[in-house]
Structure formats: C-alpha cells, structure tokens
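Colleague: Take a look at the letters that make up each chain.
2 protein chains.
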Amino acid sequence: MTNRPLILISNDDGVNAQGIQVLTALMQRLGDVIVVAPDGPRSASSCSISPLDTIFITLLKEEEGLKVYRCTGTPTDCVKLALDGLLTRRPDLVVSGINHGDNASVSIHYSGTVGAALEACMKQVPAIAFSLKTKEQQCDFRPYEEVILQTAQYVLENGLPHDVLLNVNFPEVEALKGAKVCRIGRGVWMKEMVKADEGEGSFRLSGYFQNLEPEAEDTDYWALDHGFAAITPVQLDMTAYSLFDELKCLQK
Amino acid sequence: MTNRPLILISNDDGVNAQGIQVLTALMQRLGDVIVVAPDGPRSASSCSISPLDTIFITLLKEEEGLKVYRCTGTPTDCVKLALDGLLTRRPDLVVSGINHGDNASVSIHYSGTVGAALEACMKQVPAIAFSLKTKEQQCDFRPYEEVILQTAQYVLENGLPHDVLLNVNFPEVEALKGAKVCRIGRGVWMKEMVKADEGEGSFRLSGYFQNLEPEAEDTDYWALDHGFAAITPVQLDMTAYSLFDELKCLQK
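Quick note, the sequences are listed as chains A and B, same order.
For what it's worth, the working numbering labels the leading residue of the first sequence as 35, then goes sequentially.
For what it's worth, the working numbering labels the leading residue of the second sequence as 35, then goes sequentially.
Because identical chains cannot be distinguished in the list, a pair is counted as satisfied if it fits within a single copy or across any two copies.
With a Cα cut of at most 30 Å, we get these calculated DSS-like pairs of lysine-lysine:
| id | residue 1 | residue 2 |
| --- | --- | --- |
| 1 | Lys-169 | Lys-211 |
| 2 | Lys-167 | Lys-225 |
| 3 | Lys-286 | Lys-211 |
| 4 | Lys-95 | Lys-229 |
| 5 | Lys-101 | Lys-225 |
| 6 | Lys-286 | Lys-167 |
| 7 | Lys-225 | Lys-95 |
Rather than coming from a laboratory, the hints here were simulated on the basis of the structure.
Make a model of the complete structure from these sequences and hints.
Modeller: Structural data, given as structure tokens:
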C-alpha cells in the first residue's frame with residue numbers, strides 16, 4: 035500500500051453486484067481501495083449485525099492498490115470487520131453502494147447501504163452511501179460518475195463532521211439535471227404485505243412508496259423525481275430535542 | 035375486541051422472552067393487546083426486513099382481550115405484518131420490548147426493539163421501545179413497572195408527534211432513583227471483532243461500549259449509570275440541517 039488515500043468500500047447487494055464494481059473502479063482513481071462486501075444480497079439489512087453467527091471472510095482478489103474480500107455477514111458486519119480486524123491503517127473514506135434501488139425518504143432506515151455508511155460514521159470515519167433508483171441489476175452508471183467522484187473528492191479533502199454522513203441518491207436518467215443538497219422527505223410504504231401461496235399465515239413483502247410531500251422542492255424524493263442527484267447530509271443523533279419540554283411531566 | 039385502547043406489542047428477543055411477557059401483562063391493564071413477535075432471538079436486527087423470504091405467522095394464544103402470534107420475520111416485519119395484514123383496526127399504541135440489554139447511545143441504531151418502534155412511527159402510530167440494561171434472561175422487572183405504565187398511559191392520552199417515538203431504557207437496580215428525559219449520548223463500541231477458532235478468516239462479534247461523554251448529565255447513558263430511567267424522544271428525520279450551507283458547493 036502507498037500513501038494515497040485509503041478507501042474502504044462495502045454495499046448490501048453483495049460483492050458481485052455491478053454497482054460495487056463500478057464504484058470500485060471509480061474509487062481506484064482517488065486512492066488505494068479495499069472492498070469488504072457481503073457474499074450475496076443483503077438488501078434491507080439496515081444496521082443489523084450478526085452477534086449469534088461466526089463471520090467468515092475470504093480474500094478474492096489482490097493487486098496493486100486493490101484488495102477485495104467477501105464476507106458472510108451484513109454490510110455493518112463488513113465495516114466493523116474491516117475497521118477492527120482487517121485494515122492496518124484507518125481509512126480516509128468509506129463508500130457504500132452503488133445500491134441498485136434508491137435509499138431516499140424513509141427507506142434510509144431499512145437500507146443496508148446506508149447502514150454500512152452509518153457504521154463508519156459511528157467510528158468517526160467519513161462516509162458516503164450511493165444509491166440509484168432502479169430495479170435493474172445491469173445499469174448504465176456513467177451519468178453518475180462525475181457526481182460520485184466530485185462528492186468523494188470533496189469528502190477526502192474536507193472531511194465531514196464526526197456525526198454526519200452523506201446519503202447520495204440518483205434518478206435513472208441519461209443525463210442528470212444537476213445535484214441538489216436535500217433533506218430526507220416524508221413518505222410511507224403502502225400495502226406492504228401480500229398473502230403468499232405457501233399456506234395459511236404465509237406472507238411476502240411487496241408494496242409501493244408514497245411521497246407524502248410531493249410538492250416540497252427541498253426533499254430527496256423531489257430531486258429524484260425531477261432528474262437531480264440528491265445529496266443528503268444524515269446525522270447519527272436522532273434525538274427529538276423539540277419534545278423535551280413537553281415530556282418534562284414524565285420526569286421524576 | 036372491545037372499545038378499550040388497542041395495543042400492539044413486539045420485541046427482538048422473541049415471543050418466549052420474559053421481557054415481552056412482562057410487558058404484555060402490564061399492557062393488558064391499559065387495553066386490548068395483540069402480540070406479534072419473532073419466533074426466536076433477533077437481537078441487533080435494527081430496521082432490517084425480509085424481502086427475499088416468505089414470512090409465516092402462527093396464532094399461539096387467543097383469550098379475552100389478548101392474541102399472541104409468533105412470526106418468522108424480523109421485529110420490523112412483525113409490525114408491518116400486524117399493521118398491514120393482521121389487525122382489523124389501527125392500534126392506539128405500539129410498544130416493543132422489554133429488551134434484555136440496553137438500547138441507549140449508538141446502540142439505538144442496531145436495536146431490533148427500537149426498529150419495531152420506528153416502523154410503527156413510520157406508519158404514524160405512537161410507539162415506545164423499552165429496554166433493560168442487563169445480560170440476564172431472567173430479571174426482576176418490578177422496579178420498572180410504574181414508569182412503563184406511566185409512559186404508556188401518557189402516550190395513550192396525549193399521542194406523540196407523527197415523526198417521534200420514545201426510547202425508554204432502564205438500569206438494573208432494585209429501585210429507580212427517578213426518570214429523566216435525555217438525549218442520545220455519544221459513544222462507541224470498541225474491540226468488536228475477535229478471531230474465532232473456526233479456521234482462517236473466522237470472527238465473532240464481541241467488544242465493549244465506551245461512553246464518549248461520561249460527564250454529560252443530559253444523556254441516556256448518564257441516566258442509566260446513575261440509577262435513573264432514561265426517556266429519550268427519537269425522531270425519524272435524520273437530516274443534518276446544520277451542514278446545508280457548507281455542502282452548497284456540491285450543488286449544481
């Protein structure tokens with residue numbers, strides 16, 4: 035390894051997904067890269083970890099400036115393992131994705147892509163999650179390369195506050211209209227459980243996302259719906275400070 | 035079912051855990067109760083869901099004012115299934131726990147107990163997560179009954195803002211000193227990955243929690259360390275608004 039920046043990459047679609055391969059090639063332009071990613075799809079794994087399991091890692095590839103590992107754990111396990119057991123120096127940046135599917139609005143809470151970035155953030159390593167609003171496993175990621183490189187370069191040069199990560203979502207377009215700094219929009223998943231045909235009491239997850247504030251131009255979902263990349267700063271601290279006064283009656 | 039409040043209960047330790055049984059008995063004093071909980075331990079499952087699996091539920095118990103289901107999914111799956119497939123009316127309150135193990139500071143991000151409450155919050159149902167800082171599977175929950183009942187009663191009577199839930203943590207004590215409304219404290223898990231004895235590249239999760247601001251008296255961890263119940267309002271919106279100006283250079 036050299037004195038170039040060290041960039042750790044993970045995702046939740048698994049080490050073989052197209053998105054992480056594209057992201058790896060892009061990050062190699064900016065630094066030395068270590069990939070530690072799940073051995074298969076871990077979509078919607080949030081910040082889950084595997085306290086009851088043995089976690090196995092295997093080195094898949096090693097060449098100048100690049101190592102690729104697959105891991106039997108969740109995206110968050112991957113980042114924990116990299117930071118605590120695998121890397122000999124602290125990475126300068128952790129990037130996650132590019133996820134096949136957006137992680138905007140409330141979906142941020144379910145996202146393993148964001149979960150990996152949150153884990154890095156908890157360990158005070160600057161982190162960015164990248165996701166593309168698509169249902170395809172094979173996509174043209176070229177329209178997003180410039181924003182990905184620009185955002186990663188910005189964070190490498192400027193860092194991020196210790197409790198903040200960036201969540202970047204892209205619409206599936208031939209050319210981006212631009213990039214907007216956004217808040218997390220309010221939305222809700224509807225009709226999520228459908229009966230499965232595997233007997234009484236069997237269900238499968240399904241449903242559709244409903245934007246609860248489609249007119250609000252400052253949200254991540256508005257940006258996606260209008261052809262812009264959505265760059266959302268996300269903080270670890272979920273405390274609802276505005277409720278402190280109201281809740282004082284519960285103190286004693 | 036009657037016109038008493040309807041209370042949905044889930045957890046991440048599984049339907050047979052002592053904590054959920056205690057919580058069920060307490061909530062029966064306040065309303066009709068439906069339990070939908072995992073069929074076994076799902077600790078640290080965060081907000082993860084199971085998009086690739088068929089989810090099965092089984093009715094275990096039905097009596098006046100109480101139904102108990104076990105579910106093969108995660109805590110979040112349980113709440114989705116209850117709200118979208120099982121309940122014939124909207125619950126007045128969702129409670130989760132009582133978790134065996136605290137969910138204060140950064141542990142809130144890994145917690146399936148909090149994950150279940152977050153899911154209810156996303157569906158605009160008032161929700162409370164309850165956790166006890168213990169490593170025991172059998173505990174004396176009597177010291178916490180009054181705060182649990184008082185908090186649940188408060189939320190039944192007053193509701194909560196649509197994007198806020200309550201995260202309540204208890205220290206393991208014979209008698210609480212009181213209850214404090216707190217913010218989420220800053221902390222970090224250390225030395226989390228230890229080599230397992232199952233061959234090269236095998237690891238297990240371990241480690242210890244380090245409070246990064248032990249002197250700050252307004253945090254959840256301070257309350258726990260000093261014998262108080264910690265009542266923390268938690269919001270869905272994780273946007274770091276304070277970073278908007280700084281990030282404007284990324285807009286285009």
